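A.B. asks: For reference, the chains in residue letters:
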Amino acid sequence: MTTVALKPATMAQALTRALRDAMAADPSVHVMGEDVGTLGGVFRVTDGLAKEFGEDRCTDTPLAEAGILGTAVGMAMYGLRPVVEMQFDAFAYPAFEQLVSHVSRMRNRTRGAMPLPITIRIPYGGGIGGVEHHSDSSEAYYMATPGLHVVTPATVADAYGLLRASIASDDPVVFFEPKRLYWSKDSWNPEEPQKVEPIGRAVVRRAGRRATLITYGPSVPVCLEAAEAARAEGWDLEVVDLRSLVPFDDETVTASVRRTGRAVVVHESTGFGGPGGEIAARVTERCFHYLEAPVLRVAGFDIPYPPPMLERHHLPGVDRILDAVGRLQWEAGS
Amino acid sequence: MTVMEQRGAYRPTPPPAWQPRTDPAPLLPDALPYRVLGTEAAAKADPELLRLLHAQLVRGRRYNAQATALTKQGRLAVYPSSTGQEACQVAAALVLEERDWLFPSYRDTLAVVARGVDPVEALTLLRGDWHTGYDPYAHRVAPLSTPLATQLPHAVGLAHAARLKGDDVVALALVGDGGTSEGDFHEAMNFAAVWQAPVVFLVQNNGFAISVPLDKQTAAPSLAHKAVGYGMPGRLVDGNDAAAVHEVLGDAVRHARAGGGPTLIEAVTYRMDAHTNADDATRYRGDAEVEAWRDHDPILLLERELTERGLLDEDGIRAARDDAEAMAADLRARMNQDPPLDPMDLFAHVYAQPTTQLLEQETQVQAELDAEAAGPEGAGR
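Chains A and B supply the protein sequences, listed in that same order. Per my numbering, residue 1 is the first one in the first sequence, and the count goes up by one each step. Per my numbering, residue 335 is the first one in the second sequence, and the count goes up by one each step.
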């Protein structure tokens, strides 16, 4: 396989590379969605794939999300491995019935006879100045649907490694791409041998002793920034990047919170009914006697996603995270 | 050039990007449902095929009656009967080659059985011991789809995938008149036509979506006319004329297999029973309407044709009924056995590998089962 230098390597480029490598390695991998062919996707993640693999492997579909996912189900039934692009978080909703009623259940419905290895890529989250319907964090809906894996990278290397693992998975994976991080770069080098990351394992992004920030996707860099700022104030914070909401890595999260005794869950999704409630409950159930304070949440407010000129008031930022850390009952305990 | 300057030279032209597309005329369905039985076309029909269709219709009618009886005995949770629609059910199964795929809805267990799936396995969903009882790959029959029309895009995707792989496979998808109002119906039609997928859509227009009649469902000239808007041919057929349904379906399957793309077929039929055993049809339709359809019964139409032409006699009819009785007796006997149930199945197939959370929940249920098995004395509290 030829290696093409992609410099500077952004998360979007790592995702492109993952798709390309998966398509080259396995002829059953098919990319499909709106504008993914000739245009290369509105975020250019599928750039060049139609040219390299042909329009039968990277297909511009009609503009109909239920149809895209519904036909992908049939393709998977016949042994293909579709990778579906939903153009934006809020544009994935028309496909919700196919996802909930069929994609998530087909393996279970058929006692394992008919698995559906479909990857559903959804650009999600805010912070890019998008107008209404372009900035939702919809992961809680999918987390609440048994049979789906829900995965989201926060680093360029994970974007590659987790997308390869998702495409290789025999279970359907909802792959949330933090669109705010599409243009982010880190030390990922496309010319080095690439690593496929296992689905279902969280990682400690930053080790710390005083409290754990539990987060994922677009909020990971924000939490790392908050941890850096906290150090100046004498707080040594750990940051756990979940990477996979389903399966949930209780082991890594529990071990971290038992070490630190305090935890704040951070995400853009709404707080009420959002992932943080589940995570806080799980932490409390497993770490009760280790906790010095209740698990707090810093989440998006319980409002429809705001217009772009107001979104900075909605998104969890460094100050709001540090504020929550400050409320972890330091006076009462250690 | 300004508008004033070009005035003298101005000639109306079509919008620049506009080009004529598909000619709709050849796609239009006939004005009347196509019929074979009782018409001149019947003479061309293969007598062997007609006898086979007859035997299958009689068997299908008995199957519907037996399954309905099983609901009354508490052996099935629910049964949506296809009594009156047997011609569509049987023809759908018979037109397909082994390598083809059938995509049924919940009312189509008879088509599934006629395709070769074990009747007990076909009824698993409706008995309630699991969601699907058969391996879809064994007979190339997708699981019965309960959410309306959602199986149609699956059929399109499968047919498309087969074509991409160079396989000579056709998908036949079944849907009802109510299902044509769903968005998935529209999206499936559109994808099928754009991709020229080898798929055939059979709409069984049985008059009602539970209680709602067709005139509250659509203002289309016919459901078959909907095909034209997608650029595929629409065919209208008498759904109680087994020979006609078989012929029209067969033509569409051959057309798809030859690379001609999809066809939408509307079969005009009637749901003789209520929606399910739990429904009361007297609340929304009168006896006179139902009685009119008794004279247009699919078995009656075919038996009349066969006996008038000397292709079937009393012995032949008796043989078909005996065969159906034997099938029903076997089904009854097997459905009267309690199905094996394993609560551990609840966790076994959610994912390829159960998550740690599911393993914990499985352990919990196992402990509950162990405590139940030990009885009150064995329990620790």
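To be clear, the hints were calculated from the coordinates, so they are not data collected in a lab. Accuracy of the hints is not assured; some may be wrong.
As the list claims (entries may be wrong) - List time: in silico EDC-like cross-link candidates among lysine to aspartate or glutamate, alpha-carbon distance up to 20 Å:
(1) B:K378 - B:E581
(2) B:K499 - A:E52
(3) B:K406 - B:E581
(4) B:K499 - A:E228
(5) B:K378 - B:E516
(6) B:K499 - A:D56
(7) B:K499 - A:D60
(8) A:K185 - A:E132
(9) B:K406 - B:D463
(10) B:K499 - B:E432
(11) B:K406 - B:D607
(12) B:K406 - B:D585
(13) A:K51 - A:D26
(14) B:K378 - A:E285
(15) B:K550 - B:E516
Computed from a predicted model, the values in this text were never measured in an experiment.
A.B. asks: Against each hint, give a clear statement of whether it holds in the structure.
C.D. replies: Structure-based check of all given hints:
no.: 1; hint: B:K378 - B:E581; result: holds, 11 Å
no.: 2; hint: B:K499 - A:E52; result: holds, 18 Å
no.: 3; hint: B:K406 - B:E581; result: violated, 37 Å
no.: 4; hint: B:K499 - A:E228; result: violated, 53 Å
no.: 5; hint: B:K378 - B:E516; result: violated, 38 Å
no.: 6; hint: B:K499 - A:D56; result: holds, 10 Å
no.: 7; hint: B:K499 - A:D60; result: holds, 18 Å
no.: 8; hint: A:K185 - A:E132; result: violated, 27 Å
no.: 9; hint: B:K406 - B:D463; result: holds, 17 Å
no.: 10; hint: B:K499 - B:E432; result: holds, 17 Å
no.: 11; hint: B:K406 - B:D607; result: holds, 14 Å
no.: 12; hint: B:K406 - B:D585; result: violated, 40 Å
no.: 13; hint: A:K51 - A:D26; result: holds, 17 Å
no.: 14; hint: B:K378 - A:E285; result: violated, 75 Å
no.: 15; hint: B:K550 - B:E516; result: holds, 14 Å
Checked against the numbered hints above, the structure violates hints 3, 4, 5, 8, 12, 14; every other hint is satisfied.
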